[in-house]
Amino acid sequence: MEHLILRDLDIQNIKNIAVYEEHGGYQAFRKAVKEMTPDQVTDAVKQSGLRGRGGAGFPAGVKWSFLPKGVFPRYLVVNADESEPGTFKDRQMMERNPHQLIEGIAIASYAIQCNQAFIYIRGEFPYAAECLEQAIADAESRGYVGKNIFGTDYHLQIVVHRGAGAYICGEETALLESIEGKLGQPRVKPPFPAAVGLYNKPTVINNVETLINVPLIIERGAQWYASLGTPKSTGPKVFCLSGHVNRPGNYEGEFGKMTFRELIYDLGGGIRNGKKLKGILPAGASGPMVSPLVNEAVLDVKLDFESLAPFGSLLGSASVIVLDEDTCVVWAAKKMLHFFKNESCGKCTPCREGTYWLWRLLERIDAGEGTMADIDLLTSVATQMQGRTLCPLGEFATSPVLGTVKLFREEYERHVKERGCWAKK
Amino acid sequence: MLSENAKTQIAKLMAQYPDPRSAVMPALHLAQREVGWLPDDVIQEIADLVGLAKTEINGVATFYAMYAREQPGTHTILFCTDLPCALRGADKLLEQLEHRLGCQAGHTTADGKITLKEAECLGGCDHAPVLLIDGNEHQQDMTLEKLDEMIERLKNA
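Keeping their order, the protein sequence lines are chains A and B.
Everything in the first sequence is counted per the working numbering, starting at 1 for the first residue and increasing by one.
Everything in the second sequence is counted per the working numbering, starting at 1 for the first residue and increasing by one.
Because the hints were derived from the structure by calculation, they are not lab data.
Careful: at least some of the hints might be erroneous.
Chain A is nowhere near these chain B residues, computed Cβ spacing over 12 Å in every case [unchecked claim]:
| hint | residue |
| --- | --- |
| 1 | ASN5 |
| 2 | GLN32 |
| 3 | PRO39 |
| 4 | LEU52 |
| 5 | GLY135 |
| 6 | THR143 |
| 7 | LYS146 |
Not the full set, but computed from the structure, chain A residues with beta-carbon under 8 Å of chain B [to be verified]:
| hint | residue |
| --- | --- |
| 8 | SER83 |
| 9 | PRO126 |
| 10 | ARG142 |
| 11 | VAL159 |
| 12 | SER242 |
| 13 | PRO248 |
| 14 | ARG409 |
Yeah, the Cβ is synthetic: ideal placement off N, Cα and C, and Gly gets one too.
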């Protein structure tokens, strides 16, 4: 199969601008600027059905068209703050196929008529940031970035802005605050960034993987792109596979074609040490666990944005973490809540206090000091957080608890009855 | 104190953004690279350069985990213990590293050479367990042997 996103797997050195150009690089941007109006580009992206790859799946072209007419300047912000446990796809794209991303940024910038784009990259990705800076400099030297692009009066500057270790900055308004030199804390919405975004100007925020799809749409056409995947989730998708599998890594497939069985057993080489599969976290720490032990049908679901809903979960950014039969789910939930507790920004009380108390309760149960009432208290705290937090972080933090209690309540009870963790004995 | 070169670079950063305040984070990164950490006087210098109160800069410097407001050892190791790394043995490996260094995570070795910190997901789960040295060098697929080599190298560097 030809890779459309992870093209570094097919083409050696595609990170080199000359190699990228040999393979049609920047022709889509040329076509957009020379042959299409900005609205035509936006329409093509709308018709392609491209949905945001950061997890929420919002249609990208629709997002672009939300910008109020006639208000300038406006900004494109690229969310490269890839920090979800189990997610490492954007990193591979930025380090090994950066020009396809830069071209996507350039086309999107032209479509929304912005002259300055910002890439917000997490501070823990210094090499990826260097790769992007090099790619931008190379693109500038060929006239794809800078002034009078392709002899027109369109100009574009791209700035790489490094984060400094805060998961919350993946939330789009916290990210904007962070670029503005403030604490990375979410804003109250509305107003939404399309109207009041970076520096209070109209702003589009797209994920790395969303934008890297854009050159394909312009180059090969919206119809061709829409023919990939399913009618509601179009195009290729990169799945991150980690945990107890023999071959962890990024695997590119199509929406509606890939199944967990194919991903974990065929591509991932199955579970390590011949163990049985116990749980799958489809969206890293941020989505509820599913388990073939509870319902084997989940292994054969054709994965897209909606198809995991009947199993009480979601695909999110497709950061698939795999747990084998020897893994204690109480311990796993505790690990994830430790993460959310540390990464809660502290701005809203339900999240700041809720994540802390969920983590404390899980610590107590895991240590064999919990009571049966603690299990109900866990679900009670988690349920009370839902719908009451300022941003999705607090909402996501309830998933590890509610997901595992629903699937494996008896395992929680066993910790209480046996005064400790069976897996550690 | 920041060098003249660093101050010139911070001025350039301020010009790069529509609002000079956006240079705060890159300026803190730059200062930390130059000084090794962010002592009070450096925070004050950045505040003066960007034209903000010291408390505003300090707020940013203490919000983000990668900025060091306390003097670390010569080298800092961020060790990921999140779920994907933990599923591949990170917790046990961290214990062994603490034992080898003779200091717990969150502390610095007695000789002042290495600061060890637990980190949240470093985005290298396909090569777990992973760690990050001095904010710029990823080490992956960690084993006890690799840890020993790393300690040896950092202690002598």
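Okay, the hints, checked on the actual structure:
The non-interface label for ASN5 of chain B is consistent with chain A: the shortest C-beta to C-beta separation is roughly 19 Å, beyond 12 Å. Its beta-carbon lying about 9 Å from the closest one in chain A, GLN32 of chain B breaks the requirement of being farther than 12 Å from that chain. Distance check on PRO39 of chain B: its Cβ is at least 17 Å (rounded) from any Cβ of chain A, clearing the 12 Å threshold; non-interface status holds. Distance check for LEU52 of chain B against chain A: the nearest CB is about 8 Å away, which does not clear 12 Å, and the non-interface claim fails.
Non-interface call for GLY135 of chain B relative to chain A: violated, since the shortest CB-CB distance, roughly 7 Å, does not exceed 12 Å. With 12 Å as the threshold on Cβ separation, the claim that THR143 of chain B sits away from chain A holds: the shortest Cβ distance comes to roughly 15 Å. Every CB of chain A lies more than 12 Å from the CB of LYS146 of chain B, the least distance being 17 Å, so the non-interface label holds. Because the beta carbon of SER83 of chain A sits about 6 Å from the nearest beta carbon in chain B, less than 8 Å, this interface hint is met.
Checking PRO126 of chain A against chain B by beta carbon gives a least distance of about 4 Å; that is within 8 Å, so the hint holds. Nearest Cβ of chain B to the Cβ of ARG142 of chain A: about 21 Å, over the 8 Å cut. The hint is violated. Given the 8 Å rule on beta carbons, the hint for VAL159 of chain A holds: about 6 Å separates it from the nearest Cβ of chain B. Nearest Cβ of chain B to the Cβ of SER242 of chain A: about 4 Å, under the 8 Å cut. The hint holds.
At its closest, the beta carbon of PRO248 of chain A sits 4 Å from a beta carbon of chain B; the interface hint therefore holds under the 8 Å criterion. The criterion of a C-beta within 8 Å of any C-beta in chain B is not met by ARG409 of chain A, whose closest approach is roughly 20 Å, and the hint is violated.
In the structure shown, a violation is registered for the earlier hints numbered 2, 4, 5, 10 and 14, in ascending order.
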